[in-house]
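These are the residues of each chain, in order.
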Amino acid sequence: GESVGLHLPTLSVQEGDNSIINCAYSNSASDYFIWYKQESGKGPQFIIDIRSNMDKRQGQRVTVLLNKTVKHLSLQIAATQPGDSAVYFCAENLNNAGNMLTFGGGTRLMVKP
Amino acid sequence: DVKVTQSSRYLVKRTGEKVFLECVQDMDHENMFWYRQDPGLGLRLIYFSYDVKMKEKGDIPEGYSVSREKKERFSLILESASTNQTSMYLCASSFMGDGYTFGSGTRLTVV
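Line by line, the protein sequences are chains B and U.
In this text, residue positions in the first sequence follow my numbering: the first is 4, and each later residue adds one.
In this text, residue positions in the second sequence follow my numbering: the first is 1255, and each later residue adds one.
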């Protein structure tokens, strides 16, 4: 498969363990945050989002945590599976910036069987 | 499900050719975007559009143009392809205030 990034931070976890991927965002006025998953050779897929009036949101096997005090976003994946291997991006939407998202550089998650 | 369809997954073009990358979305989204993605550089915005016949330059518009004659279609044009435009091109669409839905990408190689 093709690489989406050769110089990405990498997180390596054992299958079945929980994964935590972190993201520091840049603007304290951002009010909407999204996590995307990108598998090799494919476009990014929406995983989960959270608005700034919340500090936690849960989906199926995924949880996003937002700490506005330190401008930090994290994605937790429970019981990580080989199919979770991908690059994960966070994105922020600055309030009053129309619909322009700013993307983080991404973290590569590798799941060891 | 929202679908954003990019016409080609892989494309090989010669230097100097005019290249059209097509993107169609089926959810009546107002906003459409073109990004390129390169190793170590992440996603870089080329052009975007918030409405039909409207276009705005992103961060790296040089060497590209766009067309949005219909709401569902946003085309990226490489006027004269060069080898430094070899990249993965991603189209996305959205409603205002929502996240983007991306297409599968077009891997363009210019030789």
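Treat the hints as calculated values from the structure; they're not laboratory data.
A few of these clues could be false.
Restraint ranges, calculated between C-beta atoms of paired labels, are given here [unchecked claim]:
| no. | chain 1 | residue 1 | chain 2 | residue 2 | range |
| --- | --- | --- | --- | --- | --- |
| 1 | B | Gln48 | U | Ile1331 | 23 to 29 Å |
| 2 | U | Met1350 | B | Gly108 | 33 to 39 Å |
| 3 | U | Lys1267 | B | Ala81 | 40 to 46 Å |
| 4 | B | Lys71 | U | Lys1267 | 41 to 47 Å |
| 5 | B | Lys74 | U | Ser1261 | 35 to 41 Å |
| 6 | U | Val1306 | B | Ala82 | 41 to 47 Å |
| 7 | B | Gly86 | U | Asp1292 | 21 to 27 Å |
A few chain B residues that face chain U, going by a derived Cβ cut-off under 8 Å, partial list only [said to hold, decoys possible]:
| no. | residue |
| --- | --- |
| 8 | Tyr28 |
| 9 | Ile37 |
| 10 | Glu42 |
| 11 | Lys45 |
| 12 | Pro47 |
| 13 | Phe49 |
| 14 | Pro85 |
| 15 | Leu104 |
| 16 | Gly108 |
Every residue gets a Cβ at the ideal spot worked out from N, C-alpha and C, and that includes glycine.
Comparing the hints with the structure gives:
1. Taken as a hint, the range 23 to 29 Å holds for the pair B/Gln48 and U/Ile1331, whose Cβ atoms sit roughly 27 Å apart.
2. Hint check: U/Met1350 to B/Gly108, Cβ distance near 26 Å, so the stated range 33 to 39 Å is violated.
3. Look at U/Lys1267 against B/Ala81: about 44 Å separates their beta carbons, and that is inside 40 to 46 Å.
4. Against the hinted window of 41 to 47 Å, the Cβ-Cβ separation of B/Lys71 and U/Lys1267 comes to about 46 Å, which satisfies the hint.
5. Remark: the range hint 35 to 41 Å for B/Lys74 to U/Ser1261 is upheld by a beta-carbon distance near 39 Å.
6. Checking the proposed 41 to 47 Å range against U/Val1306 and B/Ala82 shows it holds: the Cβ atoms sit about 45 Å from each other.
7. Against the hinted window of 21 to 27 Å, the Cβ-Cβ separation of B/Gly86 and U/Asp1292 comes to about 26 Å, which satisfies the hint.
8. Taken as an interface hint, B/Tyr28 does not check out: its beta carbon lies about 14 Å from the nearest beta carbon of chain U, beyond 8 Å.
9. Using the Cβ-Cβ criterion of 8 Å, the hint placing B/Ile37 at the interface with chain U is satisfied: the shortest such distance is roughly 4 Å.
10. Taken as an interface hint, B/Glu42 does not check out: its beta carbon lies about 10 Å from the nearest beta carbon of chain U, beyond 8 Å.
11. A least Cβ separation of about 6 Å between B/Lys45 and chain U falls short of the 8 Å threshold, and the interface hint therefore holds.
12. Taking 8 Å as the C-beta contact cut-off toward chain U, the hint placing B/Pro47 at the interface holds, the least distance being around 5 Å.
13. This hint holds: B/Phe49 has a C-beta 6 Å from the nearest C-beta of chain U, less than the 8 Å allowed.
14. At a threshold of 8 Å, the smallest CB-CB gap from B/Pro85 to chain U is about 21 Å, leaving the interface hint violated.
15. Taking 8 Å as the C-beta contact cut-off toward chain U, the hint placing B/Leu104 at the interface holds, the least distance being around 6 Å.
16. At a threshold of 8 Å, the smallest CB-CB gap from B/Gly108 to chain U is about 5 Å, leaving the interface hint in force.
Checked against the numbered hints listed earlier, the structure breaks hints 2, 8, 10, 14; every other hint is satisfied.
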